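The chain contents come next:
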Amino acid sequence: MVDFFINWAANVPAFAVPFALAALGLIVTEKSGVLSLGAEGYLLMGALAAAGASVVIGDHSLVAFAVGALAAAALSLVFALMAVTLRANQVVAGLVMVFLAQGLTGLIGTQQGWTNRPIAGLDRIPLGPLADIPVLGPILFRQDMLVYLTLPIFFAVAYLLSHTMVGLRLRAVGDAPEAADAAGTSVTIYRYGAIIAGAAIVGLAGAYLSVGVAKMWVEGMSGGRGWIAVALVIFARWQPWRALAGAVLFGGIEALIPRVAAVGLQVPQYFMLMAPYIVTLAVMVYANLNKSTERRFDEPRGLGQPYLREERR
Amino acid sequence: MMAMELSGVSKSFDGFHALSAASLTVAAGEVHALLGENGAGKSSLMNVAAGLYQPDEGRICIEGRDVLIDGPIAAKRLGIGMVHQHYKLVKAFSALENVLLACGKGRYGKSIADVEASIRRQSAAIGFEVDLKRPVGALSVAEQQRVEILKVLVEGARILILDEPSAVLTDKEAEALLGVIRQLAARGAAVVLVTHKLAEVQRFADRVTVMRGGRTVASVDPKSRSIADLTALIVGEVQTEVRKPAAAPGAPILKLTGVAGLRADGHRALADASFELRRGEIYGIAGVGGNGQSELAEILMGVLRPAAGSIEFDGVGEIGGDGARRRRELGVVSIPADRQAYALAGDLSVTDNYAVHGIRSHRFGGWARVDGRTAQAATAAAVAAFEVNGVQGPRQKTALLSGGNAQKLVIAREFATQPQVVVVHSPSRGLDVRATAAVHRRLCDARDNGAAVLLISEDLDEILLLADRIGVMSRGRIVREFAAPVDRQAVGMAMVHHD
Chain W
1 MVDFFINWAA NVPAFAVPFA LAALGLIVTE KSGVLSLGAE GYLLMGALAA
51 AGASVVIGDH SLVAFAVGAL AAAALSLVFA LMAVTLRANQ VVAGLVMVFL
101 AQGLTGLIGT QQGWTNRPIA GLDRIPLGPL ADIPVLGPIL FRQDMLVYLT
151 LPIFFAVAYL LSHTMVGLRL RAVGDAPEAA DAAGTSVTIY RYGAIIAGAA
201 IVGLAGAYLS VGVAKMWVEG MSGGRGWIAV ALVIFARWQP WRALAGAVLF
251 GGIEALIPRV AAVGLQVPQY FMLMAPYIVT LAVMVYANLN KSTERRFDEP
301 RGLGQPYLRE ERR
Chain D
1 MMAMELSGVS KSFDGFHALS AASLTVAAGE VHALLGENGA GKSSLMNVAA
51 GLYQPDEGRI CIEGRDVLID GPIAAKRLGI GMVHQHYKLV KAFSALENVL
101 LACGKGRYGK SIADVEASIR RQSAAIGFEV DLKRPVGALS VAEQQRVEIL
151 KVLVEGARIL ILDEPSAVLT DKEAEALLGV IRQLAARGAA VVLVTHKLAE
201 VQRFADRVTV MRGGRTVASV DPKSRSIADL TALIVGEVQT EVRKPAAAPG
251 APILKLTGVA GLRADGHRAL ADASFELRRG EIYGIAGVGG NGQSELAEIL
301 MGVLRPAAGS IEFDGVGEIG GDGARRRREL GVVSIPADRQ AYALAGDLSV
351 TDNYAVHGIR SHRFGGWARV DGRTAQAATA AAVAAFEVNG VQGPRQKTAL
401 LSGGNAQKLV IAREFATQPQ VVVVHSPSRG LDVRATAAVH RRLCDARDNG
451 AAVLLISEDL DEILLLADRI GVMSRGRIVR EFAAPVDRQA VGMAMVHHD
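Going down the list, the protein sequences come from chains W and D.
In terms of full-length UniProt numbering, the first sequence opens at residue 1 and continues consecutively.
In terms of full-length UniProt numbering, the second sequence opens at residue 1 and continues consecutively.
Keep in mind the hints are simulated off the structure, nothing from the lab.
As the structure is a computational prediction, the values presented were derived from the model and not from experiment.
Do not take every clue at face value.
[What the hints assert, rightly or not] Per label pair, the in silico range of CB-to-CB distance:
hint : chain 1 : residue 1 : chain 2 : residue 2 : range
1    : D       : 180       : W       : 286       : 41 to 49 Å
2    : W       : 3         : D       : 114       : 53 to 61 Å
3    : W       : 241       : D       : 172       : 41 to 49 Å
4    : W       : 63        : D       : 114       : 57 to 65 Å
5    : D       : 202       : W       : 301       : 33 to 41 Å
6    : D       : 107       : W       : 104       : 39 to 47 Å
7    : D       : 29        : W       : 301       : 38 to 46 Å
8    : D       : 172       : W       : 286       : 38 to 46 Å
9    : D       : 68        : W       : 78        : 34 to 42 Å
10   : W       : 241       : D       : 263       : 33 to 41 Å
11   : W       : 286       : D       : 202       : 53 to 61 Å
Every residue, glycine too, gets a C-beta built ideally from N, C-alpha and C.
I would like the entire structure built from these sequences, with the hints used as guidance.
Next up, the structure:
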């Protein structure tokens, strides 16, 4: 039983990191008032680009992650153009990004021969003596680089959002674009920045899926994690630390699937695969039933609304 | 040298002249009131000064220098600060964060300390108390206004523009605010006070400029003029009389007693409305916009449930709790102010929009089938009878009609069955002279056919022209009633005098 627990817990971070980073990227974008449904697409783009980079330049994981993040950021420029400059419906523009990325990554992967091709990927790095602590060691200190990096990334983004002028302006643009505009903050620039930076973080999550976990590119390998991240953001009320907690919860459920099978428990496989989505549904219901008064300022008020100055009538 | 001089400023929106050659001169150390009716151009002129609107023509001179104000930042740099009627605050932010957003420079930690010190200094000087930590969305309206004023002061504004600051305040709060405004002027600021309250102007302003129809018509010392003089300047002097047969009012058909209505944000916009509508007369509701007229209209349409009071329909009894469908069955029809939102579906055809009134009566087919031919024929007849121009065919999209023709289509539909009570809200908004006259004629016809017409309008001319009796609405109540013929000055005075 203890072995089962340790095995499971040691695998949770690897499953939680993609959710955590994807949700964090979405929070950055959505705090600026842009509804981002394209996460699934950015995950795929990041995964493909990182795997491709590993194939082309060999075993340089850091470079592969950077390429994954940049590729997703580049793709998000299309979304930014539609959602901010052209003021298109953000829901439609976000969905378009998902379908665009699904087609594009499938095409490039096949053409370049990257699909299903094994790559070296990330190794687990035991942190010296810490790794030998019983129980905690294998769970916390025998992880790969990106798991270790996730916490600093969360600290950095949370600090940026709540303790810098850039973060203040970004939140103002998302909550009351007309007030931000009157205060001399460019809504366009901040929204572009938030979309690109957010997509880069989601791309990083995607890169982790291919380079860190599967160690190859498989078509459609994001498997709906982008959608779960969208729900996670709502559940977390757009707060990074709550999103991290939610990601650990979802990662925990996902990590349970292979463990249960390995132990030989007779649980229908499809039920287990469905579990994350059932939890997502439950989370959405919970989030909407629980709208207490102090929480009413969590959701960016300008979310999903294109901004245009000098509107009369 | 004047703090601010605006001369010959013009601005139009889609062909509507919001400002035509308006001029305003404000000196440092004075409180300068800008008076005028709704839509006179007061807010537009001030938005030009604050850099929110770019004028089509005109000169702006700040502290003796010709300047171009091409945005809010430029205005801020010139020392112009505006407190808008609708506060430009981030509701989720604390007061401190809001001020920081507007005038934070450099690093966050340092600026937050600077700004906090500056706010404390400013608020101590003028005796403001504001909770700096709570989200401003959780503060009262008066507190939010203080945050706005502090924001402008911390920015270092020397020219302060306050757009109808007392409109949302209680009497006591307004009194305190105006005291603060006097203090600010005494400390050397130039203050522009946009308002429509004459008593306020007489007590607190050094000078007053009056606007009418986008023009500045006079600039005088308010203490040298009587309230009646000022009213005359605001509403204009002579009116063309229109001949309409005298009313032959019949029995009361609708009786409102103590009706109250809440706005979506919980504000009791309609406080206590009581009046009677009689058959064969037009009852006009006059008043400055935002005093509960919209809520009254929505309650009578059946869109908004009254929060209190009773609405009695002659021979039927209480109908306050009934929805729009039941009201229509009783013959209560409505012509709402926002016809695109409430009266028409722009993407649907003219025929669909007209025929929708016949759904319940099965005039154009039953629940399973629509008799398109009958509907089209009826629409064509109505379009001709009500002179709706610009209809190319029965399937034309309604959104393509001009404002006047869209309004005529609404009237054609609402009058398709003999109405008992007609609720009309600002029927001539955005209409030209000819279309307005046509609409007015229809309302008079309805009256002569024995309907009771309730005309809610912010346009005093329209009320005076059509109404047989007038109720003046202020702060959600009917404060005075007049019977035609009415003294224009008296009505104008009741509109702006709340005490």
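Quick check on a hinted range of 53 to 61 Å for residue 286 of chain W and residue 202 of chain D, using CB atoms only.
Holds - the Cβ-Cβ distance for residue 286 of chain W and residue 202 of chain D, about 58 Å, lies within 53 to 61 Å.
How does the Cβ-Cβ distance of residue 107 of chain D and residue 104 of chain W compare with 39 to 47 Å: does it lie in that range?
holds (41 Å)
Using the Cβ atoms, figure out if residue 241 of chain W sits within 33 to 41 Å of residue 263 of chain D.
holds (37 Å)
Range hint 33 to 41 Å (beta carbons of residue 202 of chain D and residue 301 of chain W) holds or violated
holds (40 Å)
Within 57 to 65 Å: is that where the Cβ-Cβ distance between residue 63 of chain W and residue 114 of chain D falls?
Violated: the Cβ-Cβ distance is about 43 Å, outside 57 to 65 Å.
34 to 42 Å was suggested as the range; check whether the CB atoms of residue 68 of chain D and residue 78 of chain W agree with it.
Between residue 68 of chain D and residue 78 of chain W, where Cβ atoms are some 36 Å apart, the hint holds.
Between residue 172 of chain D and residue 286 of chain W, does the C-beta distance stay in 38 to 46 Å?
Given about 44 Å between the Cβ atoms, the range holds.
Against the range 53 to 61 Å, how does the distance between the Cβ atoms of residue 3 of chain W and residue 114 of chain D compare: consistent or not?
holds (58 Å)
Could you check the hint for me, namely that residue 180 of chain D and residue 286 of chain W are 41 to 49 Å apart, CB to CB?
holds (47 Å)
Between the beta carbons of residue 29 of chain D and residue 301 of chain W, is the distance compatible with 38 to 46 Å?
holds (39 Å)
Using the beta carbons of residue 241 of chain W and residue 172 of chain D, state whether their distance is inside 41 to 49 Å or not.
holds (44 Å)
In summary, the one numbered hint that this structure violates is 4.
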